[in-house]
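Visitor: The chain contents come next:
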Amino acid sequence: MSTTAISQPVERETYLNKEYGIWSWLLTTDHKRIALLYLISITFFFFIGGFFALLIRLELLTPAGDLVQADTYNKLFTMHGMVMIFFFLIPSIPATLGNFLVPMMVGAKDLAFPRINLLSWYLYIIGGVMMVHCMLTGGVDTGWTFYAPFSTNYTNTKIVEAGLAIFVAGFSSILTGLNFVVTIHRMRAPGMTWSRLPLFIWAHYATSIIQLLGTPVVAVTIVLVAAERALHLGIFDARLGGDPLLFQHLFWFYSHPAVYIMILPSMGVVTEIIACFARKRIFGYSFVAFSSIAIAVFGFLVWAHHMFVAGMSVYAALVFSMLSYAVAVPSAIKVFNWTATLYKGSIRYDAPMLYAFGFLGLFTIGGLTGLFLACLGINVHVTDTYFVVAHFHYIMVGGAVMGYLGGMHFWWPKISGKLYPEGWAQLAALIVFIGFNLTFFPQFVLGYMGMPRRYYDYSHMPEFQVLNVLSTAGATVLGVGYLLPMVYFLWSMRYGKPASDNPWNAAGLEWKTASPPPTFNFEEEPVVTWEAYNYEELDAPRDEEVPIVG
Amino acid sequence: MIGLHHEEEQHPELLHHFAEPQQQRDAASLGMWAFLATEVMFFGGLFCAYLIYRRWYFGDFGAASKSIDATLGAINTAVLICSSVTVVVAVWAAQTARKTLLVAMLAVTMLFGLTFLGIKAVEYTQKFEEHHVPGPSFSFDHVPIPRHPGEYANPRHAEIFFALYFVMTGLHALHMVVGLGIFSWLFYMAWKRRFTPEWYTPIEIGGLYWHFVDIVWIYLFPLLYLIDRHP
Numbered sequence: 001m002s003t004t005a006i007s008q009p010v011e012r013e014t015y016l017n018k019e020y021g022i023w024s025w026l027l028t029t030d031h032k033r034i035a036l037l038y039l040i041s042i043t044f045f046f047f048i049g050g051f052f053a054l055l056i057r058l059e060l061l062t063p064a065g066d067l068v069q070a071d072t073y074n075k076l077f078t079m080h081g082m083v084m085i086f087f088f089l090i091p092s093i094p095a096t097l098g099n100f101l102v103p104m105m106v107g108a109k110d111l112a113f114p115r116i117n118l119l120s121w122y123l124y125i126i127g128g129v130m131m132v133h134c135m136l137t138g139g140v141d142t143g144w145t146f147y148a149p150f151s152t153n154y155t156n157t158k159i160v161e162a163g164l165a166i167f168v169a170g171f172s173s174i175l176t177g178l179n180f181v182v183t184i185h186r187m188r189a190p191g192m193t194w195s196r197l198p199l200f201i202w203a204h205y206a207t208s209i210i211q212l213l214g215t216p217v218v219a220v221t222i223v224l225v226a227a228e229r230a231l232h233l234g235i236f237d238a239r240l241g242g243d244p245l246l247f248q249h250l251f252w253f254y255s256h257p258a259v260y261i262m263i264l265p266s267m268g269v270v271t272e273i274i275a276c277f278a279r280k281r282i283f284g285y286s287f288v289a290f291s292s293i294a295i296a297v298f299g300f301l302v303w304a305h306h307m308f309v310a311g312m313s314v315y316a317a318l319v320f321s322m323l324s325y326a327v328a329v330p331s332a333i334k335v336f337n338w339t340a341t342l343y344k345g346s347i348r349y350d351a352p353m354l355y356a357f358g359f360l361g362l363f364t365i366g367g368l369t370g371l372f373l374a375c376l377g378i379n380v381h382v383t384d385t386y387f388v389v390a391h392f393h394y395i396m397v398g399g400a401v402m403g404y405l406g407g408m409h410f411w412w413p414k415i416s417g418k419l420y421p422e423g424w425a426q427l428a429a430l431i432v433f434i435g436f437n438l439t440f441f442p443q444f445v446l447g448y449m450g451m452p453r454r455y456y457d458y459s460h461m462p463e464f465q466v467l468n469v470l471s472t473a474g475a476t477v478l479g480v481g482y483l484l485p486m487v488y489f490l491w492s493m494r495y496g497k498p499a500s501d502n503p504w505n506a507a508g509l510e511w512k513t514a515s516p517p518p519t520f521n522f523e524e525e526p527v528v529t530w531e532a533y534n535y536e537e538l539d540a541p542r543d544e545e546v547p548i549v550g
Numbered sequence: 001m002i003g004l005h006h007e008e009e010q011h012p013e014l015l016h017h018f019a020e021p022q023q024q025r026d027a028a029s030l031g032m033w034a035f036l037a038t039e040v041m042f043f044g045g046l047f048c049a050y051l052i053y054r055r056w057y058f059g060d061f062g063a064a065s066k067s068i069d070a071t072l073g074a075i076n077t078a079v080l081i082c083s084s085v086t087v088v089v090a091v092w093a094a095q096t097a098r099k100t101l102l103v104a105m106l107a108v109t110m111l112f113g114l115t116f117l118g119i120k121a122v123e124y125t126q127k128f129e130e131h132h133v134p135g136p137s138f139s140f141d142h143v144p145i146p147r148h149p150g151e152y153a154n155p156r157h158a159e160i161f162f163a164l165y166f167v168m169t170g171l172h173a174l175h176m177v178v179g180l181g182i183f184s185w186l187f188y189m190a191w192k193r194r195f196t197p198e199w200y201t202p203i204e205i206g207g208l209y210w211h212f213v214d215i216v217w218i219y220l221f222p223l224l225y226l227i228d229r230h231p
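Respectively, the protein sequence lines represent chains L and Y. Using the numbering used here, the first residue of the first sequence is number 1, and each one after it goes up by one. Using the numbering used here, the first residue of the second sequence is number 1, and each one after it goes up by one.
Note that these hints are calculated values from the structure, not bench results. Any given hint could be a false lead.
Partial list, derived from the structure: chain Y residues whose beta carbon lies under 7 angstroms from chain L [to be verified]:
1. Leu36
2. Thr38
3. Gly45
4. His157
We put the beta carbon where it would ideally sit given N, CA and C, even for glycine.
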């Protein structure tokens, strides 16, 4: 490395090698570098959250509560939820892939507010440090939902600190959403009309709306919880005339749409991947685009389906049940359109596509079981059982994380300028799919048989053990599947083959610039004269670029 | 500025990633509007809580509301409306390059803001002395419910009113403090003659923020002070 540089051609300047040193990263306003900062930070929290999950699964290997104590177990599932939701899933795709790609896909040099983008990362880090400190000094035992009045009056764990950590991280999320909305409205390149935007952008637009309008509500709820704990107000305390149900309404008004913050960007990723690897224009572009907006809008109207057994009026429950069925319609539109895109496509089974297929199947199962839960009668039967746990893990892990990994593979050549090892990646995708199903499918059965969630000891029901052993075994496989990409992504940064500008021969502006891109993304401002997903044009026989297969 | 080495002459405040000043202005303005939408939802949670408890504890809320000094509240409302006027004049002064007027209007706006906070502090002191601050020493005994002879407000329910009163006006006051911070910076920039009719975006979006905080107060004032005043 030291002496062989003589005959090398001058290295092209990219966003990665423009400047060196820690401060060129910590003070950068380049959206691509901030995306990488986010990538490192959320990976850190993903493995912390995963570690808690591992301990939970180990405890449930045997019916007796023998690995950890009851209080510890409560803290484990609480911290698993808080870390995974607020510090991994919500920032996952928007803050990494979104940050990297939104300006490039619309043909801009950067997000509208680069310094606010950096501020958002620092807020995330401050929130994250507070959360880690909270974990190390005792943690929280309320469940990630920190329901009042348990959180406000009874538990003596670190509610206020965890709440403030989430509050600060929430503002990081708001600022990301704000940046995206303004960028998509105001920074599009000439010719990049709304109907030519990649559907990834539509998905992120819908996500940003939820981040902007939902997050402040949970922020003010946290303020009220903190004030209630510190000053003994009675807003959520029934003994003082307050209403604990109000807490649940305010909390779920954000936290249900938050589910769509997690899944919508993943849908955007999968749309890009399916169009590219089926070599077709996406079927029903405008339906897929507007279904994202519809999900964002309907998503705000279904929150109370988390509260069917909480003592809400039956009439309200009926309305929320019906609205919850309605939100399945735009999701189903997406699934049908993806499937129709595959029909008669020239399908290639590279790793990103394997993840996209995994997403399709798992999201469909997660979505359909969501319909079971929207049904009042079944909901009462399976409330607070492993059925619910399995359902939302199919959405958030089977859906959101599959999409995230698929997107990481798809755009890794663009991000790093290197190809990942395709064989290993396909193996990892397979392992993740098998491990995931082995972990969570038994939980559907367990839940339907009546195993409650959040119990560390099921020794009165030893017949649940077989399914729990399967689930724990699956979690181990899943863990291997998640570690593999981390290893070979890092490996490829040094040893991977250099990637061409457009290794997938994909449509989209981000593929028209170099890999890795220069600091201002494009050598000259792009002018868009074509529709999105013009794969028929791209594949028309002419002097084609040589397709590179990793 | 990184963008300066491009060929054509650029405005010194034009950031590198914008094509032209108009785009930068539009982005900043849309960004502030989006942020204000966030703020509406932030206060919206509190207004929602207020509406529910006002319906549940109608009389108690009336009695509790009556104990607040409406005159001070009315003066504060007038102060804030005046401050909004001076902000409008400041924006106009920036547009028309009246730099001394701009500096003066920003200063007057901040004075109004400080007056508001001062009066608010007087109100809080009164409430503290009357033991109307929620907590262990809260007391609201034998306060009659207006127009219901012989009925007295339930102190627990009145306490919820005061909890909301302090959280809502407290968060509003916090926004005022942030606004004063923003305006101090605007004042400094105006003092340094940095704003021109071509570039006064900070004045404009700082003004948007200030108006928003005023509007929140326009809703807080009747809901907290006036719900049970009858001639």
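Visitor: A separate judgement is required for each hint: does it hold in the structure or not?
Guide: Going through the hints against the structure:
Taking 7 angstroms as the C-beta contact cut-off toward chain L, the hint placing leucine 36 of chain Y at the interface is violated, the least distance being around 10 angstroms. Proximity of threonine 38 of chain Y to chain L holds as hinted, the smallest CB-CB distance being about 5 angstroms (cut-off 7 angstroms). With 7 angstroms as the threshold, the beta carbon of glycine 45 of chain Y comes within range of chain L, its nearest partner Cβ sitting at about 4 angstroms, so the hint holds. The beta carbon of histidine 157 of chain Y comes within 5 angstroms of a beta carbon in chain L, closer than 7 angstroms, and the hint placing it at the interface holds.
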